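Just need the whole structure built from these sequences, with the hints factored in.
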Amino acid sequence: MSATRLIFGFHAVTSRLRQNPDSIKEIFFDEGRNDQRIRSLTNIAETQKVSLIACDSDRLDKMAGSRRHQGVAAAIDAFSTYVSIDDVLDTLSEPAQLLVLDGIQDPHNLGACLRVADAFGVHAVIAPKDRAVGLTATVHKVSSGAADAVPYIVVTNLARTLRALKARNIWIIGTADDADHDLSDFRIEGAVAWVFGSEEKGIRRLTRETCDQLVRIPMQGSVESLNVSVSAGICLFETYRQRQQTGK
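Sequence positions in the sequence shown follow this note's numbering and run 1 to 248.
What the hints contain is simulated information worked out from the structure, not anything from laboratory work.
Just so you know, these numbers come straight off a predicted model, no measurement behind them.
For glycine and all other residues, C-beta sits at the position ideal for the given N, C-alpha and C.
Do not rely on the hints blindly, as some may be mistaken.
[Stated by the list, open to error] Restraint-style ranges between C-beta atoms, simulated for each label pair:
1. Asn169 x Arg68: 27 to 33 Å
2. Asp77 x His108: 24 to 30 Å
3. Asp90 x Met219: 37 to 43 Å
4. Gln245 x Ser93: 17 to 23 Å
5. Thr246 x Cys55: 34 to 40 Å
6. Arg68 x Thr246: 37 to 43 Å
7. Lys49 x Asn227: 16 to 22 Å
8. Asp35 x Thr246: 20 to 26 Å
9. Thr136 x Met63: 20 to 26 Å
10. Gly221 x Gly65: 14 to 20 Å
11. Val230 x Arg205: 19 to 25 Å
12. Asn169 x Cys55: 34 to 40 Å
13. Asn34 x Asn169: 48 to 54 Å
[Stated by the list, open to error] In silico lysine-lysine, DSSO-like type, Cα no more than 30 Å apart, as pairs:
14. Lys141 x Lys166
15. Lys129 x Lys62
16. Lys141 x Lys25
17. Lys62 x Lys49
18. Lys25 x Lys49
Right, dumping it as structure tokens:
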């Protein structure tokens with residue numbers, strides 16, 4: 001019998017259902033929910049002939065280790081992890097919010113970034129296949145469950161992926177210390193993909209050139225840079241704040 005692991009949250013489970021339904025052993029859903037979102041997910045599962053198990057929210061809390069499961073979890077084949085960015089985007093009924101990590105090699109930094117992504121409703125985290133840490137055991141531990149809640153998509157050519165996102169009307173915003181625009185007075189609208197590089201080198205040249213816009217986080221103290229997960233948290237919160245104000 002193959003090993004299984006748990007993923008949870010609508011984006012993670014729906015993306016898996018559309019991309020690789022055969023990897024799902026069973027889906028658990030909150031029997032107290034009867035909204036359009038849960039009906040859509042269960043309809044897809046039934047079409048794909050995936051086993052559905054209704055349960056109460058307390059059981060889901062225990063399974064996920066938190067209450068951030070959104071009322072749905074899935075037991076999947078632990079060795080089947082592929083999901084595509086197109087499949088994630090095709091499930092959305094709201095403007096996309098993506099986090100792109102270019103060259104993050106520290107598993108603690110990646111785990112912290114995944115926690116931040118989950119906290120602010122990021123639909124997927126994208127990273128290159130090369131020069132990146134990947135989902136190690138340390139990443140899973142540091143992420144506190146976020147690694148199984150936020151789709152993590154590995155791509156072979158990051159610049160090409162960013163151009164594909166542009167073609168889907170997603171605004172690519174890179175972060176750089178020498179950017180002309182300051183985050184504090186920068187307007188964020190519609191679907192966005194935030195791009196962050198490593199602390200030592202920042203985003204790579206080709207990635208930088210592919211961005212639609214570069215912004216910098218205003219710094220008032222003596223330090224020259226922030227940890228990548230802190231920077232991501234600041235930018236994602238600002239995105240959340242502006243969307244709450246405009247309702248977009």
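Consistency of the hints with the structure:
{"no.": "1", "hint": "Asn169 x Arg68: 27 to 33 Å", "result": "29 Å, holds"}
{"no.": "2", "hint": "Asp77 x His108: 24 to 30 Å", "result": "27 Å, holds"}
{"no.": "3", "hint": "Asp90 x Met219: 37 to 43 Å", "result": "39 Å, holds"}
{"no.": "4", "hint": "Gln245 x Ser93: 17 to 23 Å", "result": "21 Å, holds"}
{"no.": "5", "hint": "Thr246 x Cys55: 34 to 40 Å", "result": "37 Å, holds"}
{"no.": "6", "hint": "Arg68 x Thr246: 37 to 43 Å", "result": "25 Å, violated"}
{"no.": "7", "hint": "Lys49 x Asn227: 16 to 22 Å", "result": "45 Å, violated"}
{"no.": "8", "hint": "Asp35 x Thr246: 20 to 26 Å", "result": "24 Å, holds"}
{"no.": "9", "hint": "Thr136 x Met63: 20 to 26 Å", "result": "23 Å, holds"}
{"no.": "10", "hint": "Gly221 x Gly65: 14 to 20 Å", "result": "36 Å, violated"}
{"no.": "11", "hint": "Val230 x Arg205: 19 to 25 Å", "result": "24 Å, holds"}
{"no.": "12", "hint": "Asn169 x Cys55: 34 to 40 Å", "result": "38 Å, holds"}
{"no.": "13", "hint": "Asn34 x Asn169: 48 to 54 Å", "result": "33 Å, violated"}
{"no.": "14", "hint": "Lys141 x Lys166", "result": "33 Å, violated"}
{"no.": "15", "hint": "Lys129 x Lys62", "result": "33 Å, violated"}
{"no.": "16", "hint": "Lys141 x Lys25", "result": "23 Å, holds"}
{"no.": "17", "hint": "Lys62 x Lys49", "result": "26 Å, holds"}
{"no.": "18", "hint": "Lys25 x Lys49", "result": "10 Å, holds"}
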